[in-house]
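Protein chains: 2
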Amino acid sequence: MNSQINVGIVGYGNLGRGVVAAINQTTDMELVSIFTRRSPESVSVEGTNAKVLHISEAEDYKNKIDVMILCGGSATDLPEQGPQFAQLFNTVDSFDTHAKIPEYFDSVDKAAKESGKTSIISVGWDPGLFSINRLMAEAILPVGETYTFWGKGVSQGHSDAIRRIEGVKGAVQYTVPIEEAVNKVRSGDNPELSTAEKHLRVCYVVAEEGYDQAKIEETIKTMPNYFADYITEVHFISEEELKANHSKLPHGGFVIRGGKTGDGNKQIIEFSLNLDSNPEFTSSVLVAYARAAYRLNTKGQAGAKSVFEVPPVYLSHKTAEELRRDLL
Amino acid sequence: MNSQINVGIVGYGNLGRGVVAAINQTTDMELVSIFTRRSPESVSVEGTNAKVLHISEAEDYKNKIDVMILCGGSATDLPEQGPQFAQLFNTVDSFDTHAKIPEYFDSVDKAAKESGKTSIISVGWDPGLFSINRLMAEAILPVGETYTFWGKGVSQGHSDAIRRIEGVKGAVQYTVPIEEAVNKVRSGDNPELSTAEKHLRVCYVVAEEGYDQAKIEETIKTMPNYFADYITEVHFISEEELKANHSKLPHGGFVIRGGKTGDGNKQIIEFSLNLDSNPEFTSSVLVAYARAAYRLNTKGQAGAKSVFEVPPVYLSHKTAEELRRDLL
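Chains A and B supply the protein sequences, listed in that same order. 1 is the number of the first residue of the first sequence in full-length UniProt numbering; add one for each residue after it. 1 is the number of the first residue of the second sequence in full-length UniProt numbering; add one for each residue after it.
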């Protein structure tokens, strides 16, 4: 029914690799090219025959690519690439620096409106699917509280913070929802809970030889912002064990709203994710929203959008008629 | 920010009562009038000062009501009222006769396009929120299986079927998800499961004096379509106990998709509801989508829509800017 959607990727890290894999699972999308800032011949790509090109060649593909998936990071890549690519292509990205979303939205919106393209920003699961669930649950149950729990999953920021401590050779930090808090929320009690009261921090650390483990543990547990306010567990393990058991990037979490209707009837809405691979899942969400960006553009809806502005129908390759018949 | 949305209700049963309660929880909606087929003075309304009028007077409110919430049943009310009211008003309804949705959509669409109004059909949780989650999960994880479990909750159809048996004075039937099946699905094993392998049917029955309980139990358990294929539990209780413990209408359920990405990484998406009051929750969903119907209409999007075509942003009374800042 639908014509093929031609896709480009900007940036080939964990997310870019996940996008290649996700496009391979679609029937209506084709990967045209991967654009990189590195020397293209130095990038070895798996699972696709698409060309790897230098990012400076992207402009030549203006008429050959329907939507560009931006797989760069939020700190330095996207603030520049977002508006730049929106001048030439429909785009999707996973911009997740929460405090800067309004500013980023405006800069992408300006570029996309000038070019007549459509850019969906901050796509993924949080921001992304979790955000949609927060919005819908609050709109449906205006009297209530919404709770977001993250994990069990690897936090890169916290893992990096541990690795910067002297005497630490390697480390992985898991954010783990505290089950008692989750159950309290699920029961509809709407407790007051700080982020620290909702999450446990579990650290697996490889110490360099000759360093005092007790001192490292103390440094971790008293680190302000990252650990000091939390219940933190520190486990020292061998380098082999770290590699064998902690090299995957699982993640997930819950958005739970406890609301009340009528004379105090409790109504609980919950959305949860349990992910073996955080980057591959985020990539899968990006690919579905790439389809939506292209479709919205064919309907004349130029400019920046968040996931809030995207009707679910545009995420699927099926027609509205098929979806009403099969899934409604 | 937004001007007040003036709302009407057609039909004052469980759903209509829930809509009154849900409108009372909003800050941007006002209930103008309740329209009934009964004699208006015979209808006693709680929680609102809105007038109760005969349904024949609805047309006079064409310019005073922004959106009409149709609270009639799917069997006979909505097939007639859906297209009829779409000729005069923006509407939302909870039409849930699955097999007839395409036909119903077409008849409402024709009426709404002629009048330039917007009608969102089949709103609620299933069809409704569960449908959106089925669509999105399938679009994001094209390789995988989706499972819907219903319950624990009262099935009116099954309760009615028991009540029709000779010697039965009262009965309530709960549909209960089988925990072992839910856990198998949550683990990402993607088992093959029939509806009967996913749900248990638990019946609370009040027998008339002088009737053989064993015979009633046998009649229930062997009833084709309703019970014969299921594991069915029958508990005989007193009339007092039925009233005291089984007069509420709780419900809920899960939509779970187990998908695989990349080299076989399991990714689980789950949406679940745990509802003290099924009709009040459905009403709350209807009210949020009433806001969306009105908004879509102000954007010139006339015709019938399903929940699939509604961007989440229109469900909230907050502006897109506020939502991006606070919930994205």
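Hints are not guaranteed to be accurate.
As the list claims (entries may be wrong) - EDC-like, lysine to aspartate or glutamate: derived pairs with alpha carbons at most 16 Å apart: (1) K248/A - D263/B; (2) K266/A - D276/B; (3) K100/A - E321/B; (4) K260/B - E322/A; (5) K100/B - D60/B; (6) K100/B - D326/A; (7) K299/B - E322/A; (8) K100/A - E322/B; (9) K100/A - D326/B; (10) K100/B - D276/A.
It is worth saying that the hints were derived from the structure and are not from the lab. Keep in mind that this is a model prediction, so the values were computed, not measured.
Exercise. Is the Cα-Cα distance between K100/B and D276/A 16 Å or less?
Worked result: Violated: K100/B and D276/A sit about 39 Å apart, past 16 Å.
Exercise. Can the restraint linking K260/B and E322/A be considered satisfied, given a maximum Cα separation of 16 Å?
Worked result: With Cα atoms ~24 Å apart, K260/B and E322/A exceed 16 Å; violated.
Exercise. Given the hint that K100/A pairs with E321/B, does the C-alpha gap stay at or below 16 Å?
Worked result: Holds: K100/A and E321/B sit about 13 Å apart, inside 16 Å.
Exercise. When you check the alpha-carbon spacing of K266/A and D276/B, does it fall within 16 Å?
Worked result: The given pair, whose Cα atoms are some 5 Å apart, holds under the 16 Å limit.
For this session: For the pair supplied as a hint, K100/B and D326/A, confirm whether the alpha-carbon distance does not exceed 16 Å.
Result: The hint holds at about 12 Å.
Exercise. Is it true that the CA of K248/A sits at most 16 Å from the CA of D263/B?
Worked result: holds, 12 Å
Problem set entry | Pairwise hint evaluation, E322/B against K100/A, where the allowed Cα distance is 16 Å at most | holds, 14 Å
Exercise. Straight-line Cα separation of K299/B and E322/A no greater than 16 Å?
Worked result: The hint is violated at about 25 Å.
For this session: Mind checking the alpha carbons of K100/A and D326/B for me, to see if they're no more than 16 Å apart?
Result: holds, 12 Å
Exercise. Does the alpha-carbon distance linking K100/B and D60/B stay inside the 16 Å limit?
Worked result: violated, 31 Å
Of the numbered hints given earlier, the model fails hints 4, 5, 7, 10; all others are met.
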